[in-house]
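Colleague: Listed below, chain by chain, are the residues.
Protein chains: 4
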Amino acid sequence: MNSKKIDFTIPNLGEAKISSPILMSSTRNDGQADYVSDGDHILYSIDTDIDEEGRPVPRHSETVELAGPREKIYYNPAHTHAAITTCGGICPGMNNVIRAVVRCFWYRYGVRRISGVQFGYQGLLENTPWPLIPLDPDVVDEIQEKGGTILGSARGGGKKVDEIVDTLEKQNINILVTVGGDGTLRGASEISDEIKKRGLKIAIIGIPKTIDNDLSFIQSSFGMDTAVQMAVPVVRCAHIEAKNALNGIGLVKVMGRHSGFIAANTSLAQSDVNFCLIPESPFDLEGPMGFLTNLRRRILDRSHAVVLVAEGAGQELVPTTGETDDSGNVKFQDIGIFLKEKILEYFAKEGIECNVKYIDPSYIIRSTPADSFDSIYCARLGAHAVHAAMAGKTQLLIGLMNNRFVHLPINVAVGSRNHVDLEGSLWRDVLENTRQPYSMKNTKDK
Amino acid sequence: MNSKKIDFTIPNLGEAKISSPILMSSTRNDGQADYVSDGDHILYSIDTDIDEEGRPVPRHSETVELAGPREKIYYNPAHTHAAITTCGGICPGMNNVIRAVVRCFWYRYGVRRISGVQFGYQGLLENTPWPLIPLDPDVVDEIQEKGGTILGSARGGGKKVDEIVDTLEKQNINILVTVGGDGTLRGASEISDEIKKRGLKIAIIGIPKTIDNDLSFIQSSFGMDTAVQMAVPVVRCAHIEAKNALNGIGLVKVMGRHSGFIAANTSLAQSDVNFCLIPESPFDLEGPMGFLTNLRRRILDRSHAVVLVAEGAGQELVPTTGETDDSGNVKFQDIGIFLKEKILEYFAKEGIECNVKYIDPSYIIRSTPADSFDSIYCARLGAHAVHAAMAGKTQLLIGLMNNRFVHLPINVAVGSRNHVDLEGSLWRDVLENTRQPYSMKNTKDK
Amino acid sequence: MNSKKIDFTIPNLGEAKISSPILMSSTRNDGQADYVSDGDHILYSIDTDIDEEGRPVPRHSETVELAGPREKIYYNPAHTHAAITTCGGICPGMNNVIRAVVRCFWYRYGVRRISGVQFGYQGLLENTPWPLIPLDPDVVDEIQEKGGTILGSARGGGKKVDEIVDTLEKQNINILVTVGGDGTLRGASEISDEIKKRGLKIAIIGIPKTIDNDLSFIQSSFGMDTAVQMAVPVVRCAHIEAKNALNGIGLVKVMGRHSGFIAANTSLAQSDVNFCLIPESPFDLEGPMGFLTNLRRRILDRSHAVVLVAEGAGQELVPTTGETDDSGNVKFQDIGIFLKEKILEYFAKEGIECNVKYIDPSYIIRSTPADSFDSIYCARLGAHAVHAAMAGKTQLLIGLMNNRFVHLPINVAVGSRNHVDLEGSLWRDVLENTRQPYSMKNTKDK
Amino acid sequence: MNSKKIDFTIPNLGEAKISSPILMSSTRNDGQADYVSDGDHILYSIDTDIDEEGRPVPRHSETVELAGPREKIYYNPAHTHAAITTCGGICPGMNNVIRAVVRCFWYRYGVRRISGVQFGYQGLLENTPWPLIPLDPDVVDEIQEKGGTILGSARGGGKKVDEIVDTLEKQNINILVTVGGDGTLRGASEISDEIKKRGLKIAIIGIPKTIDNDLSFIQSSFGMDTAVQMAVPVVRCAHIEAKNALNGIGLVKVMGRHSGFIAANTSLAQSDVNFCLIPESPFDLEGPMGFLTNLRRRILDRSHAVVLVAEGAGQELVPTTGETDDSGNVKFQDIGIFLKEKILEYFAKEGIECNVKYIDPSYIIRSTPADSFDSIYCARLGAHAVHAAMAGKTQLLIGLMNNRFVHLPINVAVGSRNHVDLEGSLWRDVLENTRQPYSMKNTKDK
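Same order as they appear, the protein sequences are chains A, B, C and D. Residue numbers for the first sequence follow numbering that gives the first Met the number 0, so the first one is 0 and each next one is one higher. Residue numbers for the second sequence follow numbering that gives the first Met the number 0, so the first one is 0 and each next one is one higher. Residue numbers for the third sequence follow numbering that gives the first Met the number 0, so the first one is 0 and each next one is one higher. Residue numbers for the fourth sequence follow numbering that gives the first Met the number 0, so the first one is 0 and each next one is one higher.
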């Protein structure tokens, strides 16, 4: 963890003077739901250290602002034009977020101008072919029962900050809610900077979207729970395929470019995985401790095996393509196809018959509607984004931290990535469950 | 929240001197999974207050011991006889817990005597007809794909503390893992007291099981996520039934004796609920603010409605049966049937045709296998229970607190109940989603 | 089987002289899809008898007209006003039928006036509060993903033949497609008679809807496959509940007023049912061969049991209510609740502890969307209804017979019911699967 | 259809003289399930022709023997050793068949020696490493809840007829039930011939298994219904992916080497498919009527498209690999990957951005457990195979014909393939649903 003090202060566009149209209480214990005040904070961290007398003391003193409806708001709902856009790859829950944002603006605050921006930032470019879509509760009524996003989603466009802010001005947009990952949020941060430079009063609110769960400070990102729910039966199929073939090897690839959370959680949810390969834990193919050597042992012992690999695992093994996608992410060679070929080569060389069944369920997983866990999460993320925006806060994203919804400065969140801690309890429990070796690197000096 | 200091100290049976057979590291940053030490604590609470200078400061200073494998253990695995029992109503995930406990004892610690106690504490009584079942990894291999518990489950028996401790002694059981709710854990506490009185070295470890999520200090209890996943499509069916009939009213009852978490979360996960009734929020039937008056308004306005009611809601309205179940819980009259009749009477009186479709999915929900969320949770709960037991700790339960697995003294946990906070953010978000009135009591003086 | 000759002749409103806008071929073996001609028939029955020389010969000589697009049609699409209505209880697949009908009229024939009649025949009464709904492909685009029917459904109204035909005339409706069960189809027949009497040129086409599968001549009715798919996991839950309780008895009620097809098929699809009770096979409760005696034996032997009962089973045992529903069906007392009470009484009397878990999933089953089997079936039923109507045929229903879509005169189909043949192979296989006694009547002389 | 008379006569090993241990009735109308006699036949075909007087008359006169329990059986259960083996690729329902066969032998006939042969015919070879597995009701109790086959499955081995018959003799196997496709059944036929040549009394019974549904005379093969159920949500995902990307094209490959039934039925079950490509309907890529030209039109018009391709479609377009699998089937190049590349090339050439999302769910589909439709079907197939075997019949397979279970001579069934009739009603309805062109060949002279 970071030992430097983190600044969790949230910028405001100005003083919130307007009474909220939402009727709540500001005193506890009157049985009525309460407003949240800017003074309501939680501790950022629950970690403790041991002091000289052997007693645990808090390791961090930073606190974080709680999200929620404020008693006073900044924007006059009658004059507010809110917009929302969804960026990057699709992920379960995007429509739930859109729906919650629209409903909260409309029903709770009475905002009547709500626009959907199509295909991410591209819908805000000067010559975009895609017009804004007017949104209201009827339009979004049942969209959460569909996967994907009704606004379409695309990468890129975020670098053209001037064009985007021009469009926001021209369209009189006061609030922009952006749903997206690391690149999108960095774009949002730059847009905010330009807005500030121009002296505009436009709130930029981010809702973090990363099915890989690789954003720092965010306890877990929406869509990941659904992804694991969907991955489990696929692993079960791989297991059946493996058991039904002669020396069958079921090989499944799941999402996880930099972080192996989906693979790790799926391995815990499901008893059939024998090898879970994640980006955080590099491995060798051959040599006494290598993956293939271990796989060979398993096959000779049990005649079948299931391998679950995150898409970003073992990237040091595959020749790089050198390409990047529109968000600037390096394009990986397909580790699944690479592993399949290496396994076949190795077993052929060893003179052992084997049957590899490779399954890549990525599109099936990410295009599915949110499960109830993510539905609840997204409903609440969306509402909290609206509360923050109406209060005139900006350059923040809505995060879940220690199970509370909080306001996080965008710049804090995009600075670093969230990884599976190889020394922590999640990975420990995965290793216990798969019973794979602690390391499949030949040298210990990594 | 409680302002009195809570004592989170965990009792030990004695000094743990034996080196753990689990090979891990005790230094950070060597890339290897780490043991947990008794000094590893987290803060119990992340809540803050504002000091005189307007700065947030921690409201509570208590810390809680982290769960996890210890470097030194108390029991010699070769001499250990571990037992596990499951009590109370069935709940998704019980088999996952059994499986994790057995696998952790067997594979991680090398314990070879593991017994399943049938039908809760009743399987430990002197004249029980149900023998202990020997458990090993083969027996529990795929049990998690079934709902329920392979050990059977029953209420009662917990009062016969002497008989139970006699049986533990006779069977040379060193460790008893009990999976159960409030009553079961109170029983476990009394068994621990008797064990202590007799000077025995038997560890009693609880794993909290309450589909209603009504145990204090436990962030959420296993099975609740699955329950909500299962309740959502049922509410969708009720909605279809309601829309297809003339003035159709879909009425669904879910679990929730004292706490309305399943109903509240289902209402958030799903957009179709118009009225969510929970035990924490009493309501009137008739009168200007009463439920039936609101329902009538909705029907006249939209011609259909969906009502989701927790089984313990509105108990002040129904005549009590006066009976109790074997765990001593008061038996409620069926609020669903009661409401159905009241609705029909009221609409008949008002001269409005209506069709009530009442669905009680309780047995379907609770007998289902765990979803992936609960599977992961249960796998980890079970393993942590074993780690605690082998380290010679006792009178504790494994809890999830601020997303970490911790040791909680049983007596602390069973003292009070967890309720939906009517002034907190969950219920606030439910009210925003259902758009039901903040209160359906006629008088404000509750 | 009926030995009297059945008249399968289909009435026509007049000569079909207009060339169909659907381009197909009328010669075989040119690789193009073919029109169906009125001469295309299939044999009604595949049953054979043995002649004096021991050779099998066809038992029946009747043939039935095949459904499908005709080369010449009767109605000018530009002048056609088609209407569709859905009657009776909801059933999986109704929206699929509506969608297929609308799409076929619109895309294949170019009909642009298509009206949805709300709440069955009630939407055609003189003073109905529910207007016709204009339908087009956009309106019905994704309705098949929802259960129920977008038109709403209600019983009754069918007796007011004059009013209905008046409305058809006033609204210039040329074609009425009615989706419904026995009562609905009888109504359709009477409407046809009145139309004929008035010399009108209005086609009445029925699509049989009975989740119970109790219509004669129809191989199987849509929705039943989905009903069985949905019932199977419920029975599995009942089994889990039964096994987890002391002498647990899982009791599940499914639809089946006069015919036990859902119960019989569910018992075959699933291995957990020990007693399958259907209307066709009367049983006694007590006495040496009675159901309770058999249940007692099972419980003493195996400690748990699963009972699956069709709603119409054992009706001779329960006191009748004397009421009828709006379609004129006699209202049954709930056999599930009745059986539960009888079981509890009997076991109490016998001094055997038992726990009965009663599940009634009817609303969950019938309000679900169609599975793929029923989706395909409904898509084709709907299209065939349109082809028949455009060809000027009337007083028919679309049926599946020997796996072919055929035209059946309504009067032939509504005359008698389809029952599970107690001497046939379906029931034989059920008995083999459940291993229940061939009869649970005490006297042999039935 | 075939105009030559087909010989449906079933060979018998000898006279069945032993009274069946199954107690049934041999008279109709006594309310008890009936035996089936060898004289019980049905018409093979329901097709009619028109005679000179315009009346429909049966086109075929052949009749087929009904399957079912006989009053007299051939084998003495006490001396019977039955074996079962599963061959070829896995398919939903194989475990259901195994289970039904074992249960029927055991419970209905009292046979106590039942052996499972592992990995198809390979388990019967002289030097097989896989021993026979003893089967009984406990072993097969819940296997139907798993996909695949507990016996494992493999291609090949069927050519070593001598070795196989040697093994049958050595192991004293009297009955061999083989579950497999075209190649397997041909092998079974050759084994039967060798058995006859040696004068042995071993019954060979086939149960047809082809997920592609490409066996003649079999109305539909088990596993296909489940395959369609599983394919539908995958197509839905492809649709979501297509709609969320800029000019998105969702491309899904399903099974169907020679016959496109899965693709055709999935297109009917689901409204999202725009192009259904099957082996029976060859197509061009480019040119005015070619697939790519049509796809381009759709993309320019609607911005997204869904393409469903059977694995054997368009094989004349891809360079052949020249390889064959162990069953002798020609290995196809992957049409999905081929099409994906061709689409990308073509759109790049045309200067139109497009995003192709290719999904191959084959392993997920085929390794899933049977749905309720296939569960019922397999339960009945298995039981009928046992009845046939015990009656001393041989060289037959159990088929479903006109919804009745019948005995088909193996040689009749393996002679030809079942194809989607391009001029029949199934393909006609697919074309109406997808609204794709009747042909995507440039020349009309195919």
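Calculated directly from the structure, the hints in this document are not laboratory data. Source: prediction; values computed, not measured. Treat the hints loosely; a few may be bogus.
For chains that are exact copies, the list does not tell them apart, and a pair is met inside one copy or across any two.
Each computed BS3-like pair below joins lysine-lysine, with the alpha-carbon atoms no more than 30 Å apart [claimed, not checked]: (1) LYS145 to LYS3; (2) LYS200 to LYS440; (3) LYS71 to LYS3; (4) LYS341 to LYS330; (5) LYS196 to LYS158; (6) LYS158 to LYS348; (7) LYS169 to LYS330; (8) LYS16 to LYS145; (9) LYS158 to LYS440; (10) LYS195 to LYS159; (11) LYS16 to LYS159; (12) LYS440 to LYS71; (13) LYS348 to LYS159; (14) LYS71 to LYS330; (15) LYS145 to LYS339; (16) LYS196 to LYS159; (17) LYS159 to LYS330; (18) LYS348 to LYS16.
Colleague: Which earlier hints can't be squared with this structure?
Modeller: 1, 2, 3, 7, 8, 9, 11, 14 and 18
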